[in-house]
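Read off the chains here:
Protein chains: 2
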Amino acid sequence: MIDHLIDRIKETENPTVVGLDPTLVMMPGYLKKQMFEMYGKTPKAVAEMFVEFNRRIIDEVCDLVPAVKPQIAMYESYGPDGLDAYIRTCAYARYKGLVIIGDIKRGDIGSTAEAYGGHIAGVDIEGEHYDVWKEDCITINPYLGVDGIEPFVKTLRRDERGIFVLVRTSNPSSGELQDKMMEGTYMYNQVADLVSKWGKDTIGKYGYSKVGAVVGATHPAQGMELRQRMPHTFFLVPGYGAQGGKGADLKGFFDKDGIGCIVNSSRGIIAAYKKDPEFADVENVGPEFAEASRRAVLAMKEDLQNAF
Amino acid sequence: MIDHLIDRIKETENPTVVGLDPTLVMMPGYLKKQMFEMYGKTPKAVAEMFVEFNRRIIDEVCDLVPAVKPQIAMYESYGPDGLDAYIRTCAYARYKGLVIIGDIKRGDIGSTAEAYGGHIAGVDIEGEHYDVWKEDCITINPYLGVDGIEPFVKTLRRDERGIFVLVRTSNPSSGELQDKMMEGTYMYNQVADLVSKWGKDTIGKYGYSKVGAVVGATHPAQGMELRQRMPHTFFLVPGYGAQGGKGADLKGFFDKDGIGCIVNSSRGIIAAYKKDPEFADVENVGPEFAEASRRAVLAMKEDLQNAF
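Heads up: the protein sequence lines correspond to chains Y and B, in order.
Note that my numbering has the first sequence beginning at 820, numbered continuously upward.
Note that my numbering has the second sequence beginning at 820, numbered continuously upward.
I should point out that these hints are in silico values taken from the structure, not numbers from a laboratory.
By construction, the Cβ of each residue, glycine as well, lies at the ideal position given by its N, Cα and C atoms.
Just to be clear, a hint being listed does not mean it is correct.
Derived Cβ-Cβ restraints for the label pairs, each shown as a range [to be verified]:
| id | chain 1 | residue 1 | chain 2 | residue 2 | range |
| --- | --- | --- | --- | --- | --- |
| 1 | B | Asp943 | Y | Asn1103 | 49 to 55 Å |
| 2 | B | Asp882 | Y | Gly916 | 21 to 27 Å |
| 3 | B | Asp978 | Y | Arg913 | 35 to 41 Å |
| 4 | B | Ile944 | Y | Asp943 | 32 to 38 Å |
| 5 | Y | Asn1103 | B | Asp978 | 56 to 62 Å |
| 6 | Y | Ala910 | B | Ala1067 | 37 to 43 Å |
| 7 | Y | Ala1061 | B | Gln1124 | 50 to 56 Å |
| 8 | Y | Asp1076 | B | Gly946 | 51 to 57 Å |
| 9 | Y | Asp1076 | B | Thr1004 | 38 to 44 Å |
| 10 | B | Glu1107 | Y | Arg913 | 43 to 49 Å |
| 11 | B | Ile944 | Y | Tyr914 | 26 to 32 Å |
For reference, chain Y alone in the conformation it holds in the complex (with noise of 0.2 Å):
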């Protein structure tokens, strides 16, 4: 997968990843009325507004994108109904060519972690296989050690899949662990090194492993770092836009050939139509509101190319 993830960044010459994180507030009014008149304001009716909504994105930024990266928290908060959006979102994502990188941060150990495997690995049902999730990567948390990335490796040397594991992460208060010394070195590069030796074995034909690292784009220095550090790691990159991140602050994050990290945009992309000055009627717009999302991708790619 971290192969394939690496084609469609050279055929779209753009590592940038959409983060498909819907909220009921950045729902177009329009859509908000149809489902709550078909389904009252319920679970659903938020459901079916994130399928049609992350529908009219994909069908705008699929041809200039390499790949979407759905959080399932988004969804997860609004139950099974909400999940079965998460699923169709991804399951449409795929049916338009785009890499799945299902943000889950999901971390365990043993059957617990095979069971989150399933993410990935799909789930056998007494000969019957069902790829229940529609996921090509996920996310992982470090933090219960080997044990809870074992289960997934053994997937990824398997199948074409991917893991993203979180080393240094975007958010303010990131640094209270992750930059806390530790045996002569910062916790994040102890992490690092683990990800390293835990992608060794799966290291594909672009010389990059199938188990990648989140760095975030708030910190360049540390990235350019990290880089040096786990030459056959890639990087998927939160914190751009919204978060500060700026495409000249991520030199350091590609590699010489200008490949080595995928950067996502969220709210900066999916919310567009709220700040384009086209929609000045916001209340009111239709449709049409994803025309937005497209121009956000292709001025977040302009902003890149000042990096790699």
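Position chain B against the provided structure of chain Y, taking the given hints into account.
Coordinates of chain B only, in the frame set by chain Y:
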């Protein structure tokens, strides 16, 4: 919720939480047969097995234990149908008077953490409130720092809910990060200090805060040290039974009044029928399989008497 949980522990004189972590392999033959006939070899069939299996166990143990801890991963493998079974399990256990500890180990930041917060806070849809997940407490991963915790603590200040933050997990490789030295002490001590700080505004009538800690039974010496280091933090203790922890090892996890922790057992209780001499014919056992779980709970209660 922490006060209510301790009340229930005192009433039952039993600091045991039953881990409701069903797997397909664990299902009695009659249940498999029934559900496969009704729904085919589908995720829906497995989900219906899990609900029925859990109901039988809850019926047998609800007067003996204060709480259950369903592990969401086991249900999540089977997609929205599985998660619907998880919620129906929580709802039934609550109806039978049990405290629900959702073992979800979520951890994220900002608006995403708020979305996960829906597990205990519910979700509002334009004035309508839904308690979608039916959990009283959940487990949380601390890797992202306080940004990932604050949205939950906000709920705790307002509602009778609880969280348990991973501090020292029970798995063999947990030490890869947690046991490393960080600024003069073990990393898990650093996390312990953060957990104490995060909980300090939410201390209840027994002196325990609503922000608990997960501390594995497989580390008795560390459990005792942590009991002293965090006197206002209630412990959720995994790793008893199948993972090797014994009642006698747990003395140090309790305070001088014999409270301070709740000990989880999953397989040892819910799959007890497979090892119970009364059910020599494991293949043909009927709904009475759950009686073995009752006996396993009583044996565990006796074993824990040694500790508190």
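How the hints compare with the structure:
Separated by about 25 Å at the C-beta atoms, Asp943(B) and Asn1103(Y) break the suggested range of 49 to 55 Å. Judged by the Cβ atoms, the range 21 to 27 Å given for Asp882(B) and Gly916(Y) is violated: they are separated by roughly 56 Å. Between Asp978(B) and Arg913(Y) the Cβ separation comes to about 39 Å, which falls inside the hinted range of 35 to 41 Å. Checked against the hint of 32 to 38 Å, the pair Ile944(B) and Asp943(Y) passes, with Cβ atoms roughly 36 Å apart.
Checking the proposed 56 to 62 Å range against Asn1103(Y) and Asp978(B) shows it is violated: the Cβ atoms sit about 37 Å from each other. A hinted range of 37 to 43 Å for the beta carbons of Ala910(Y) and Ala1067(B) is inconsistent with their spacing of about 52 Å. Between Ala1061(Y) and Gln1124(B) the beta carbon distance is about 55 Å. The supplied range of 50 to 56 Å therefore holds. Between Asp1076(Y) and Gly946(B) the Cβ separation comes to about 54 Å, which falls inside the hinted range of 51 to 57 Å.
Between Asp1076(Y) and Thr1004(B) the beta carbons are some 43 Å apart, a value that agrees with the proposed interval 38 to 44 Å. Judged by the Cβ atoms, the range 43 to 49 Å given for Glu1107(B) and Arg913(Y) holds: they are separated by roughly 46 Å. At about 29 Å, the CB distance of Ile944(B) to Tyr914(Y) agrees with the hint of 26 to 32 Å.
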